[in-house]
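Take the given structure of chain V and dock chain F to it, following the hints.
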Amino acid sequence: SQQGEEDPQALSIQEGENATMNCSYKTSINNLQWYRQNSGRGLVHLILIRSNEREKHSGRLRVTLDTSKKSSSLLITASRAADTASYFCATPKETSHSRLTFGEGTQLTVNP
Amino acid sequence: DAMVIQNPRYQVTQFGKPVTLSCSQTLNHNVMYWYQQKSSQAPKLLFHYYDKDFNNEADTPDNFQSRRPNTSFCFLDIRSPGLGDAAMYLCATSQHQETQYFGPGTRLLVL
Chain V
163 SQQGEEDPQA
173 LSIQEGENAT
183 MNCSYKTSIN
193 NLQWYRQNSG
203 RGLVHLILIR
213 SNEREKHSGR
223 LRVTLDTSKK
233 SSSLLITASR
243 AADTASYFCA
253 TPKETSHSRL
263 TFGEGTQLTV
273 NP
Chain F
41 DAMVIQNPRY
51 QVTQFGKPVT
61 LSCSQTLNHN
71 VMYWYQQKSS
81 QAPKLLFHYY
91 DKDFNNEADT
101 PDNFQSRRPN
111 TSFCFLDIRS
121 PGLGDAAMYL
131 CATSQHQETQ
141 YFGPGTRLLV
151 L
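If you read the protein sequences in the order shown, they are chains V and F.
To convert, take the position in the first sequence, counting from 1, and add 162; that gives this note's numbering.
To convert, take the position in the second sequence, counting from 1, and add 40; that gives this note's numbering.
Chain F with its partners taken away, still in its complex shape:
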């Protein structure tokens, strides 16, 4: 039973063409996160929502935006993808600020 679902699993976009990645959860957790992970590196937190409160990391580029219309869904928008944005994007959830539950990730390829 999937708990954190990410769609699509693979996304190909063109340089500069906006793209949206989606994440949904069945855990009813109050915190949702978006991470970027490049090959052989640690996941890097982009931002997170604590309920409806959006929290951006200081070094997250303006090119990355997020929306959380309700508890279950969270979206990552990349307004103008560059070649350097090709990566795995991981969504995660947590409750009570402890264990995080990750989705399978969306691998983004920018042509």
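If we strip away everything but chain V, and leave its shape as in the complex, we get:
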């Protein structure tokens, strides 16, 4: 199965609520990245967490990484309608760190 699998596939919440998305991966990594994609647009890098880090914050984003479980989570606090997008985790391929494998993504809908 695929490196970088995410759940849930889709998440619908109300504005002001928190959104949590999870990502699992299979091989050893030196970093894990989260990207956001608005409908019909390119991806935007959100945050990179290194394998020796357990938690990282950026504004309303909080990312955790558990290398023993090969999993990561992205938490968006106090969500806004503008956070509606697809969120992808990505991990470098073992054989070439230039290349990323993207998860299938979580479609987040934040209702006003």
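Any given hint could be a false lead.
[Stated by the list, open to error] No farther apart than 20 Å at their CA atoms in a straight line, the calculated lysine to aspartate or glutamate pairs in the EDC-like style are these:
1. F:K84 to V:E266
2. V:K255 to F:E138
3. V:K231 to V:E217
4. V:K188 to F:E138
5. V:K255 to F:D99
6. V:K255 to F:D93
7. V:K232 to V:E167
8. F:K78 to V:E266
9. F:K84 to V:E167
10. V:K255 to F:D91
11. V:K255 to F:E97
12. F:K84 to V:D169
13. F:K84 to F:D99
14. F:K78 to F:D99
15. F:K84 to F:E97
16. F:K57 to F:D102
17. F:K78 to V:E167
18. V:K218 to V:D245
19. V:K218 to F:E138
[To be verified] A few chain F residues that don't get close to chain V, going by computed Cβ distances all over 12 Å:
20. Q51
21. V59
22. T66
23. N103
24. R107
25. F115
26. G122
27. G124
28. A126
[Unchecked claim] Here are a few chain F residues that sit away from chain V, every Cβ distance over 12 Å (derived from the structure):
29. P48
30. V52
31. G56
32. K57
33. N68
34. P101
35. P109
36. L123
37. D125
The hints are simulated quantities; they were obtained by calculation from the structure and are not laboratory data.
Here the structure is a predicted model, which is why all the values come from computation and not from measurement.
Where is the CB? At the ideal position from N, CA and C, for every residue including glycine.
Quick look at chain F alone, frame taken from chain V:
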């Protein structure tokens, strides 16, 4: 200030008619990537250039080719587009093998 630019944003071609998509960057990054993304799916890497070195993914069809004439520009050539090649094509760049910077994408429609 656009950093990764893709042209055109929308491209319509006919079945079997060659098409070229272009990507340019102002970041001076040494790595450039082409991804194919179909609806509600993850981006799928087609190939990438590390400087002038071309790296093809094992499952990228021969129908897809790429050129990188200089650091700033990279092209995706689809020699004989089929209906299954209709997708969003994303160009990205990176330096030091970490964060990738994506262009807005070109949506390809094959009639």
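How the hints compare with the structure:
| no. | hint | result |
| --- | --- | --- |
| 1 | F:K84 to V:E266 | holds (10 Å) |
| 2 | V:K255 to F:E138 | holds (12 Å) |
| 3 | V:K231 to V:E217 | holds (14 Å) |
| 4 | V:K188 to F:E138 | holds (19 Å) |
| 5 | V:K255 to F:D99 | holds (15 Å) |
| 6 | V:K255 to F:D93 | holds (18 Å) |
| 7 | V:K232 to V:E167 | holds (11 Å) |
| 8 | F:K78 to V:E266 | holds (11 Å) |
| 9 | F:K84 to V:E167 | holds (14 Å) |
| 10 | V:K255 to F:D91 | holds (19 Å) |
| 11 | V:K255 to F:E97 | holds (12 Å) |
| 12 | F:K84 to V:D169 | holds (19 Å) |
| 13 | F:K84 to F:D99 | holds (10 Å) |
| 14 | F:K78 to F:D99 | holds (16 Å) |
| 15 | F:K84 to F:E97 | holds (10 Å) |
| 16 | F:K57 to F:D102 | holds (15 Å) |
| 17 | F:K78 to V:E167 | holds (17 Å) |
| 18 | V:K218 to V:D245 | holds (19 Å) |
| 19 | V:K218 to F:E138 | holds (16 Å) |
| 20 | Q51 | holds (14 Å) |
| 21 | V59 | holds (19 Å) |
| 22 | T66 | holds (15 Å) |
| 23 | N103 | holds (21 Å) |
| 24 | R107 | holds (19 Å) |
| 25 | F115 | holds (17 Å) |
| 26 | G122 | holds (22 Å) |
| 27 | G124 | holds (19 Å) |
| 28 | A126 | holds (14 Å) |
| 29 | P48 | holds (14 Å) |
| 30 | V52 | holds (16 Å) |
| 31 | G56 | holds (26 Å) |
| 32 | K57 | holds (24 Å) |
| 33 | N68 | holds (16 Å) |
| 34 | P101 | holds (18 Å) |
| 35 | P109 | holds (20 Å) |
| 36 | L123 | holds (20 Å) |
| 37 | D125 | holds (18 Å) |
This entry satisfies every hint, going by the numbered hints stated previously.
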